[in-house]
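**Student:** The chain contents come next:
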Amino acid sequence: MAATELVSALLLFLLICSSDISSGEKTRRPQPCKRLVLYFHDILYNGKNAQNATSAIVASPAWGDKTTLAVPNRFGDVVVFDDPVTLDNNFRSAPVGRAQGFYLYDKKEILTAWFGFSFVFNSTRLKGAINFAGADDIMKNTRDLSVVGGTGDFFMTRGIATLMTDAFEDDRYFRLRVDVKLYECY
Amino acid sequence: MAATELVSALLLFLLICSSDISSGEKTRRPQPCKRLVLYFHDILYNGKNAQNATSAIVASPAWGDKTTLAVPNRFGDVVVFDDPVTLDNNFRSAPVGRAQGFYLYDKKEILTAWFGFSFVFNSTRLKGAINFAGADDIMKNTRDLSVVGGTGDFFMTRGIATLMTDAFEDDRYFRLRVDVKLYECY
Amino acid sequence: MAATELVSALLLFLLICSSDISSGEKTRRPQPCKRLVLYFHDILYNGKNAQNATSAIVASPAWGDKTTLAVPNRFGDVVVFDDPVTLDNNFRSAPVGRAQGFYLYDKKEILTAWFGFSFVFNSTRLKGAINFAGADDIMKNTRDLSVVGGTGDFFMTRGIATLMTDAFEDDRYFRLRVDVKLYECY
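Chains as they are written, first to last, in this note's numbering: chain A, 17 to 202; chain E, 17 to 202; chain U, 17 to 202.
Hint data in this document are derived by calculation from the structure and do not stem from the laboratory. No experiment lies behind these values; they were computed from the predicted model shown. Relax, there's no trap hidden among the hints.
A pair holds if it fits inside one copy or across any two, identical chains being indistinguishable in the list.
Mimicking SDA-like on lysine to any residue, the simulated pairs with C-alpha atoms at most 20 Å apart in a straight line are:
| id | residue 1 | residue 2 |
| --- | --- | --- |
| 1 | Lys143 | Lys156 |
| 2 | Lys143 | Ile126 |
| 3 | Lys156 | Phe171 |
| 4 | Lys64 | Asp81 |
| 5 | Lys124 | Ala69 |
| 6 | Lys143 | Met155 |
| 7 | Lys64 | Ala86 |
| 8 | Lys124 | Phe107 |
| 9 | Lys156 | Gly168 |
| 10 | Lys143 | Pro46 |
| 11 | Lys197 | Gly144 |
| 12 | Lys197 | Phe171 |
| 13 | Lys197 | Asp169 |
| 14 | Lys197 | Met172 |
| 15 | Lys156 | Asp169 |
Construct the complete structure from the given sequences, taking the supplied hints into account.
**Tutor:** Printed below as a string of structure tokens:
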């Protein structure tokens, strides 16, 4: 293993040297043309909370089921959600939009997820959607998804969404803080 | 609730004021560099129509199954599809491509969906794919998804796809009109 | 059918003529600003290989199950994966990252798939993720997905990922060569 690791390290070093993004350039990142900090709240269906639940397991691996999170680390569970989006971290605040789409857990060893979803806004003040895709390395303090597009007030936008787990309670409730930094605005 | 709503409204107002896209700018949208209007046709598998079906439920919530749409509002059903794409609204027209990917229903109160799919072209006249992602607020007359990328004749494109439900029959057939407006062309 | 095909052909011809990308322009594609060639390895769970498996069927059509690939052509199977990414085609090489997300098989007549996933890097040399989406026409020698975004060292990138099946063994193992060509770098 040591030998293949060394070869891999060398090849990777060459790979990075041959790329044209130096670490110096990386520090000169542009300023966002638009920025929003929002929260969304996910209450998973567990067979008894149909009234309150905002999400449900819809697919699971052979060893899982749809009312219990799979062991280990929820690997293979796919969850569809329609979560309220709020401006602060209070679940009872009036929602300004909905987070709609899916996430799936994709690693056996630790908790990681992959998201495909939208923030959907439909008020007199804000209309349209921001569309997200990407990997969520849940155990890290912050992690970045891609904003892959937008519609309405967010026409054609692109950017980065930085997630933070703001609450994580007894397998049934989590709250994410999403810092949406848009770098392409029309 | 009134108080939190007021606070939310105020915060949202400030949020929007601080953003650099004014409603004046929004009216100055660019012209598409390329535009296509296409239709696709979805016939859902119901346990008896294996010959004709172009899509199938592959995941459903705990209370659902794979040959019946879940109640209420199909929430949690995930559908994989390979639908013919035509230039007009006639199901029997010769397909010019395929719409391939998935959609999922993601709201308990009304019909809404989330799409991840591609228009795949493979003729002498048109090759490549257009890749879509986004929320579909089905009950609205028109709604916008993002074109998140393209390949072949649609190399690196981005844009907006405006969906209209052109037909919706007895839970088993729907036809969408897709107005693909590309704003970034290479 | 002949008549509708003719009409479709004519309409499609007009459609293409009216678009502003001529075939002459298509040959003047830009050079990538960054390029990586990587491999990823997928071992599907079959009910007996829990130790080695890197992926699992989590959803399937009514006629399928989660330890056997659906017939015909795996249509409707959804697979969640966490696959090692290596710099060469040797499964035992030290991984430089993980490929995480899902693929689904979406055609009854032949093998085709749709991917939503990320290459996730987390080493001292390379950090961040590249996010992919698109259709995989598996029976073709090469096929292109979209790079829809990136984070960390791949901040805001876009591009094309050209897939080649490098190995495909007994329904349980495949290896993909991924030529990632990035055309937008920050």
